[in-house]
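Once you have looked at the hints, place chain B on chain A.
Protein chains in written order, with my numbering: chain A, 1 to 306; chain B, 1 to 272.
Any given hint might turn out to be false.
What follows is a list of derived Cβ distance ranges for each label pair [said to hold, decoys possible]:
{"no.": "1", "chain 1": "A", "residue 1": "Leu145", "chain 2": "B", "residue 2": "Asp97", "range": "32 to 38 Å"}
{"no.": "2", "chain 1": "A", "residue 1": "Gly85", "chain 2": "B", "residue 2": "Asp216", "range": "47 to 53 Å"}
{"no.": "3", "chain 1": "B", "residue 1": "Arg184", "chain 2": "A", "residue 2": "Arg285", "range": "47 to 53 Å"}
{"no.": "4", "chain 1": "B", "residue 1": "Ala23", "chain 2": "A", "residue 2": "Leu88", "range": "24 to 30 Å"}
{"no.": "5", "chain 1": "A", "residue 1": "Ser123", "chain 2": "B", "residue 2": "Gly25", "range": "22 to 28 Å"}
{"no.": "6", "chain 1": "A", "residue 1": "Met180", "chain 2": "B", "residue 2": "Ser120", "range": "26 to 32 Å"}
{"no.": "7", "chain 1": "A", "residue 1": "Leu157", "chain 2": "B", "residue 2": "Arg19", "range": "41 to 47 Å"}
{"no.": "8", "chain 1": "A", "residue 1": "Phe106", "chain 2": "B", "residue 2": "Glu249", "range": "56 to 62 Å"}
If you only want the chain B side, here are some residues facing chain A, beta carbon under 8 Å, derived [as the list claims (entries may be wrong)]:
{"no.": "9", "residue": "Leu63"}
{"no.": "10", "residue": "Ala101"}
{"no.": "11", "residue": "Asp111"}
{"no.": "12", "residue": "Gly116"}
{"no.": "13", "residue": "Glu160"}
Since the hints were derived computationally from the structure, they do not count as laboratory data. These numbers were taken from a predicted model, which means no experiment stands behind them. We put the CB at the ideal spot given by N, CA and C, even for glycine.
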Amino acid sequence: MSFSWNIVTDLRAMWQWAFIRNAFEAGGIASVMAGIVGYLVVLRRSAFATHALGHGGFSGAAGAVLFGVNPLYGLLIATSSGGVGMALAGKRATTRDVEIGTILAFMLALGLVFLSLYKGYASEAYTILFGEILGISTAEVLLMLEVSVGVVVVMALVYRPLLFSSLDPDVAEAKGLPMMALGLIFMLLVAVAISFSVTVVGVLLIFALMVTPAATAVRLTQRPIYAVTASVLLAVASTWLGLTLAWFASSYWPYPVSAFPASFFIVTIAFCIYVAVRLGVWVARVWVRPLPAKSSGDVEPISEGV
Amino acid sequence: MQKGNLDLGDPEFAIRASRVEVAYGKQSVWHDATFDVRRGEFVALIGPNGAGKTTLFRLLLGLQRPVAGSLTVFGATPRRGNDRIGYVPQRHSIDNDTFVAAQALVRLGIDGTKWGPVSSGRAHRDATREALEAVGATELGHVSLGQMSGGELQRIFLAEALVGRPDMLLLDEPLSNLDLRRTRELVEVVHGLVRSRGVTTLLVAHDINPLIECLDKVIYIANGRVASGSPDAVLTSSSLSELYGVPVEVLRDSRGNIVIVGGENPHEKAVA
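Chain B extracted, bound-state conformation:
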């Protein structure tokens, strides 16, 4: 609503969290989380399954409230319907018989919350085309969602989040189910957006390696606690051992790829 010209928010920080605790009922998910994200930073959110990465997104989107501590997004308390945030939730699959053209979904990202007939049809069409272009999916506009591959779908979801020109992107596991080549392509698209538009981006990932070169910050959630900092500072044996409370080893191969051993829960593969 107050989007664009007049920005009364915090000029430096996109997110500030101070001693935040979040819980489902009486079950605490994580606590004492103190971190911040500067504007225009590219941040990876990593940690084992069920550690509460998606929960952090729910807090930022105003879908859930912290039980303790203070959290601000662009200097204000998070609220549902904040059109400065573009959100790509984790989606397990889309049915093959979803016969809806991709551009229809992308366009809903800009006019899907408007009631009644809209008059700005042309502006919305242009915005839709521009968003598809930004993610390199111009030729996919007329393809139906059910016909798309995983990598193509993620681009469309990204365009849907981007079409309202948000200042922040929250991407939940966009890289899962993609092979190495598609992963690299999508990371390039997202990184390009972060740099060219200055969009603050938080990305939940299972594997940090494809991202490591572009990241400004890592937020690592595990064992009910949250650590944050530059990748080099957080992804070390001592910092993760302290986070988990058990010995954890961070190994690096000759090309800088990271493997984290010891911190995973029994169901986890030995990959960060």
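Bound conformation, chain A alone:
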């Protein structure tokens, strides 16, 4: 391969490779899923439950590796069943840190023993924990595409009731929304988004796709539909930019190194955007448009006896 500093030539050189094209497609699909579902995760404060489901996914993927099945199936099965379990456990279950943490540790241990029993222990563990987006096959991309089309259709149908039940559960219940069913649908959507995100950035870094872009987006716009859009765009941008940077860094790095992990760049970019947005919002608030204090006029000296 020859490289120039001409960006167009370089990009064309990069996209010659099927594994790179697969990585961009799979990364794009996973990021769209993560961006959409991530907004609701942030809104419902289920970030820790999401993290835990990812660890459940670790045991699923490890089990699949041990039995010679595609790890993506193992991921989907483990995260879905974990998600259904959490949804059935009730609406408060996703915020029960202690119980979730206990199950999370057990799931990781289970994954550990599955992988120990498998011959290629080290490399498979590394792949599941930190992602190996450059190893995704065309068949896997097609599977991801099919599932994600289903997710987008479901999302379009349940979007408003799901938003309502997340933001104002008591009123939504009184208005007759099926809360249990909505919780179940939400956890299944989370399960799919996690399984896809794990293939891109791995179990340990899924927050970078599932939470960081959405957490950035809610600070940019306060209209839910715009926030979902921004969350998706940020997730896709982080993934594609991260992949490109990983490719160029690995190509241009003058010292002998096998390859820079794509997950590092993806997570770093998502993180940098998050920090930049928080800083920007802070600067805008402090210097550009000072807001009145939150409780102005709300607490005043009591002048009359109650």
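Same frame as chain A, but now just chain B:
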């Protein structure tokens, strides 16, 4: 669903309760409750913590069934998802980092139960604007919920309940955590809605004094029993003593403020 034009309900009464008993498991909350609320009445629900005020709302919303007696809302058995009722539950707080514009929440009050894409976007937007206007919160539409003060939030919740043009409002402790000025402002807004729209309104309150001038009726829940009537009839030493089964004194100051002494449980302050 059958909202608006054709109203087959009871023409006179919004709520009729006859010998209603409600329980959680085997634990009876209150029993033998017989009262009614006429259409367009402004009613305060008072009584000590844990007496079962919110439970009455749950019955009216169809979230819970009475174990005995009969209860009707607009002439029909209460059912979940009744869009003639607007509900503001008691909320202890909203997180500072809830980055959602107020108007998005208000709008969910009208389209939050609709599945799939909606075609009536403009109508919903207009209804949202009109609801914000009705509670005097037009300028708050774009403010995010996490940035709002307690009084502002209560207006937004009220707008959310109001946006579907309900015939009845159930407001659970909207005045708690508000200072005197905000309390008075919110009471004025609610009272204005009751009078201008004829919305039957039940409001759970800890302190009856800010409301006393606008009320049509008081429902007092204590000691497993329910008393109702005009404020002057219910809030007397003899009526409350009978309700509690122990001597209770109702004191009035020179401006008509009421203090209830003796009926509170040990955790309660000496305020109705």
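Structure-based check of all given hints:
1. For Leu145 (chain A) paired with Asp97 (chain B), a C-beta distance near 34 Å keeps the hint of 32 to 38 Å intact.
2. In this structure, Gly85 (chain A) and Asp216 (chain B) meet the distance hint of 47 to 53 Å, their C-beta atoms being roughly 50 Å apart.
3. In this structure the hint that Arg184 (chain B) and Arg285 (chain A) lie 47 to 53 Å apart at CB is violated, the actual value being about 31 Å.
4. Between Ala23 (chain B) and Leu88 (chain A) the beta carbons are some 26 Å apart, a value that agrees with the proposed interval 24 to 30 Å.
5. Restraint check, Ser123 (chain A) to Gly25 (chain B): a C-beta distance of roughly 56 Å breaks the suggested window 22 to 28 Å.
6. A beta carbon spacing of about 28 Å between Met180 (chain A) and Ser120 (chain B) agrees with the range 26 to 32 Å that was offered as a hint.
7. Range check, Leu157 (chain A) to Arg19 (chain B): Cβ separation about 44 Å, and the 41 to 47 Å hint holds.
8. At about 60 Å, the CB distance of Phe106 (chain A) to Glu249 (chain B) agrees with the hint of 56 to 62 Å.
9. Hint status for Leu63 (chain B): holds, given a least beta-carbon distance of 6 Å to chain A, under 8 Å.
10. Annotation: interface hint on Ala101 (chain B) holds; nearest CB of chain A at approximately 4 Å, less than 8 Å.
11. Contact between Asp111 (chain B) and chain A, as hinted, is supported at the beta carbon level, the nearest pair being about 6 Å apart and thus within 8 Å.
12. Checking Gly116 (chain B) against chain A: minimum C-beta separation of about 5 Å stays under 8 Å; hint holds.
13. With a least beta-carbon distance of about 7 Å to chain A, the hint placing Glu160 (chain B) at the interface is held under the 8 Å criterion.
Comparing the model with each numbered hint stated earlier shows that hints 3, 5 do not hold.
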